[in-house]
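K.L.:
Okay, here's what each chain looks like letter by letter:
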Amino acid sequence: MSKTPFAWGFALGALLAAASPGVATPAAVPTLIGKEAPDFVLKSMEGKNLRLSEYRGQVVLVNFWARWAGDSRQEMAALDRINATYYRAGLVVLGVSVDEDLRRAHEFAEAMKVGYPILFDTTSNIGRDYLLQKMPMTILVDRSGVVRYANVGFKRGDDRAYLDKIRELLRE
Amino acid sequence: MNFKHRIVSIMLRGGILACACAVIAAAPVLAAAADNAPPPTAAAPGADAVATSAAPDGAVASPGAPLPDAPAADFKTLDQEVQGMKKDVIDLNKDLFVLQEELLFPANTQVAVYVSMDVGAFFALDSVTLKIDNKEVKNYLYTAREAEALLKGGVQEIYLGNLKVGKHELVAFFTGKGPVEREYKRGATITFDKGVGAKYLELKITDRVTKHQPEFKIKDWD
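These protein sequence lines are chains A and B, in that order. Going by the working numbering, the first sequence wraps up at 240, each residue one higher than the last. Going by the working numbering, the second sequence wraps up at 1452, each residue one higher than the last.
If you're looking for bench data, these hints aren't it; they were derived computationally from the structure. Since we're looking at a predicted model, the values are computed, not measured. Where a beta carbon is used, it is the ideal one built from N, C-alpha and C, also for glycine. Be aware that a few hints might be false.
What the hints assert, rightly or not - To give a feel for the contact side, a few chain B residues facing chain A, derived at Cβ under 10 Å:
#, residue
1, Phe1305
2, Phe1352
3, Asp1356
4, Asn1369
5, Leu1371
6, Arg1375
7, Ala1377
As the list claims (entries may be wrong) - Cut-off 27 Å, straight-line C-alpha distance, at most; resulting in silico cross-link-like pairs (DSS-like, lysine-lysine):
#, chain 1, residue 1, chain 2, residue 2
8, B, Lys1424, B, Lys1361
9, B, Lys1441, A, Lys103
10, B, Lys1441, B, Lys1394
11, B, Lys1449, B, Lys1368
12, A, Lys111, B, Lys1317
13, B, Lys1317, A, Lys116
14, B, Lys1447, A, Lys116
15, B, Lys1382, B, Lys1306
16, B, Lys1447, A, Lys103
17, A, Lys111, B, Lys1447
18, B, Lys1397, A, Lys116
19, B, Lys1324, A, Lys116
20, B, Lys1441, B, Lys1397
21, A, Lys116, B, Lys1424
22, A, Lys111, A, Lys181
23, A, Lys103, B, Lys1434
24, A, Lys116, B, Lys1361
25, B, Lys1434, A, Lys111
26, B, Lys1382, B, Lys1441
27, B, Lys1382, B, Lys1394
28, A, Lys111, B, Lys1441
29, B, Lys1415, A, Lys111
30, B, Lys1407, A, Lys111
31, B, Lys1434, B, Lys1368
32, A, Lys111, B, Lys1394
33, A, Lys181, A, Lys116
34, B, Lys1397, B, Lys1447
35, A, Lys103, B, Lys1407
36, A, Lys103, A, Lys181
37, B, Lys1434, A, Lys116
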């Protein structure tokens, strides 16, 4: 048996990955980019209901996280720093927990002490609408409500990529 | 006009609109091609002579001459066409929406439920859950802005669906903050008869001043 099919597959995968910078999963996330962000209304930790479409006209960063996803803690800390700097410029950061255990998700969010609203998805509709496959996942929605950037997982340097994209969207 | 005619009419209008879009999109390309084309040789000497006699000091054209106005007029016409097309798109969209509503929710099976709120001093609305014939059909969370819009007199269409003719039961659960900021959950029920025509129901939240309590009613708009 030759290794040719594997080599071709690898080359194709590498080509796809190179064609979509900043996008970690080639399968699910690109289908969201360029499309209108699915609307949602969720209850926040403070008890208020927040709807994504009510932030139309502002740049919105939505971070989907779960307590059991190791990178969520690091990413939330990084997003808190970004929020502290850019909320005056019109950036809105929303954290959305997709954790099934609501009580423990609350405890986790309280321990993180982030300055942006944390919302809780109790219906699992968000996972279906946003094609969530791996946690954490972050998307950037432009002023007209279109998803412009998505990142799955979190590693060192991703926050730098977020900043570049946020600045670009805030300038539009 | 029946459905078939309306669909054909909408398709025809859509086609005409698409053609118009293509022509307008192609216009700048054609104009650019025309600009790049070499000047006609026969007319060139005469035109040069006119330009030379009108502006002997080397100016290309004097102010108010008809030539510079021509592109402006073209743009105006183009702009009017674009505006006209935008209006056509809006009209077409409206017709499609009405058609979709009629197809998805025909009048003989249509049931629409609305929410309205009056005063609201004793109740801050948080969510409404609707059950029809013991099946949950809607759970709606209200943002502060939406609750405020209801208090200002807005009426929200919370549910639109289809039901067969006969008796049905609607149960609505309202949650929110009651008097003295206390968690408040109340239900209201109505049994209604669905006839051949569309059915409209209204969930009304009002204040009962004498009891210092909110009141939840379901009104059947026959």
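K.L.:
Against each hint, give a clear statement of whether it holds in the structure.
P.N.:
Verification of the hints:
1. Hint status for phenylalanine 1305 of chain B: violated, given a least beta-carbon distance of 26 Å to chain A, over 10 Å.
2. Hint status for phenylalanine 1352 of chain B relative to chain A: violated, with the closest Cβ pair at about 19 Å, above 10 Å.
3. A hinted interface residue such as aspartate 1356 of chain B counts as satisfied when its beta carbon comes closer than 10 Å to some beta carbon of chain A; here the least separation is about 7 Å, so the hint holds.
4. Annotation: interface hint on asparagine 1369 of chain B holds; nearest CB of chain A at approximately 8 Å, less than 10 Å.
5. Taking 10 Å as the C-beta cut-off, the interface hint given for leucine 1371 of chain B holds, the closest approach to chain A being about 4 Å.
6. Here the hint on arginine 1375 of chain B is kept, as its CB sits about 6 Å from the closest CB of chain A, short of 10 Å.
7. The restraint placing alanine 1377 of chain B at the interface with chain A holds, with a minimum CB-CB distance near 9 Å, inside the 10 Å limit.
8. Restraint check for lysine 1424 of chain B and lysine 1361 of chain B: satisfied, since their Cα atoms lie roughly 16 Å apart, inside the 27 Å limit.
9. A hinted pair counts as satisfied when its Cα atoms are at most 27 Å apart, and lysine 1441 of chain B with lysine 103 of chain A does not qualify at roughly 50 Å.
10. For the hint linking lysine 1441 of chain B to lysine 1394 of chain B, the alpha-carbon distance of about 39 Å lies beyond 27 Å, and the restraint is violated.
11. Straight-line distance between C-alpha atoms of lysine 1449 of chain B and lysine 1368 of chain B comes to about 18 Å, which keeps the hinted pair within the 27 Å bound.
12. The suggested pairing of lysine 111 of chain A with lysine 1317 of chain B is violated, with an alpha-carbon distance near 39 Å, which exceeds 27 Å.
13. With a CA separation close to 39 Å, the supplied pair lysine 1317 of chain B and lysine 116 of chain A exceeds the 27 Å bound.
14. Taking the CA atoms of lysine 1447 of chain B and lysine 116 of chain A, the gap is about 25 Å. The hint holds against a cut of 27 Å.
15. The straight-line distance between the Cα atoms of lysine 1382 of chain B and lysine 1306 of chain B is roughly 42 Å, outside the 27 Å bound, and the hint therefore fails.
16. Restraint check for lysine 1447 of chain B and lysine 103 of chain A: the C-alpha separation of about 41 Å exceeds 27 Å, so the hint is violated.
17. For the given pair, lysine 111 of chain A sits about 26 Å from lysine 1447 of chain B by alpha-carbon distance, which is consistent with the 27 Å threshold.
18. With a C-alpha separation of about 37 Å, the suggested pairing of lysine 1397 of chain B with lysine 116 of chain A is violated against the 27 Å cut-off.
19. A threshold of 27 Å between alpha carbons decides the hint, and for lysine 1324 of chain B with lysine 116 of chain A the separation of about 34 Å lies outside it, so the pair is violated.
20. The hinted pair formed by lysine 1441 of chain B and lysine 1397 of chain B fails the criterion: a straight-line CA distance of about 33 Å is larger than 27 Å.
21. Restraint check for lysine 116 of chain A and lysine 1424 of chain B: the C-alpha separation of about 37 Å exceeds 27 Å, so the hint is violated.
22. Using a Cα cut-off of 27 Å, the hinted pair lysine 111 of chain A and lysine 181 of chain A holds, with the two alpha carbons roughly 17 Å apart.
23. A C-alpha spacing of about 37 Å is found between lysine 103 of chain A and lysine 1434 of chain B, which places the hinted pair above 27 Å, so the restraint is violated.
24. Using a Cα cut-off of 27 Å, the hinted pair lysine 116 of chain A and lysine 1361 of chain B holds, with the two alpha carbons roughly 24 Å apart.
25. For the proposed pair lysine 1434 of chain B and lysine 111 of chain A, the alpha carbon gap of about 24 Å is at most 27 Å, so the pair holds.
26. Restraint check: the Cα-Cα separation between lysine 1382 of chain B and lysine 1441 of chain B comes to about 23 Å, which is no more than 27 Å; the hinted pair holds.
27. For a cut-off of 27 Å, the pair hint linking lysine 1382 of chain B to lysine 1394 of chain B is broken: about 35 Å separates their Cα positions.
28. For the suggested pair lysine 111 of chain A and lysine 1441 of chain B, the alpha carbons sit about 30 Å apart, so the restraint of at most 27 Å is broken.
29. A distance of roughly 17 Å separates the Cα atoms of lysine 1415 of chain B and lysine 111 of chain A; the hinted pair therefore holds under the 27 Å criterion.
30. At most 27 Å may separate the alpha-carbon atoms for a hinted pair to count; lysine 1407 of chain B and lysine 111 of chain A meet this at roughly 15 Å.
31. Using a Cα cut-off of 27 Å, the hinted pair lysine 1434 of chain B and lysine 1368 of chain B holds, with the two alpha carbons roughly 17 Å apart.
32. Our distance criterion of 27 Å between C-alpha atoms is broken by lysine 111 of chain A and lysine 1394 of chain B, whose separation comes to about 35 Å.
33. A hinted pair counts as satisfied when its Cα atoms are at most 27 Å apart, and lysine 181 of chain A with lysine 116 of chain A qualifies at roughly 17 Å.
34. As the CA atoms of lysine 1397 of chain B and lysine 1447 of chain B are separated by approximately 19 Å, the hinted pair is consistent with the 27 Å bound.
35. At roughly 37 Å between alpha-carbon atoms, lysine 103 of chain A and lysine 1407 of chain B are farther apart than 27 Å, so this suggested pair is violated.
36. Proposed proximity of lysine 103 of chain A and lysine 181 of chain A is contradicted: the alpha carbons are some 32 Å apart, above 27 Å.
37. The straight-line distance between the Cα atoms of lysine 1434 of chain B and lysine 116 of chain A is roughly 22 Å, inside the 27 Å bound, and the hint therefore holds.
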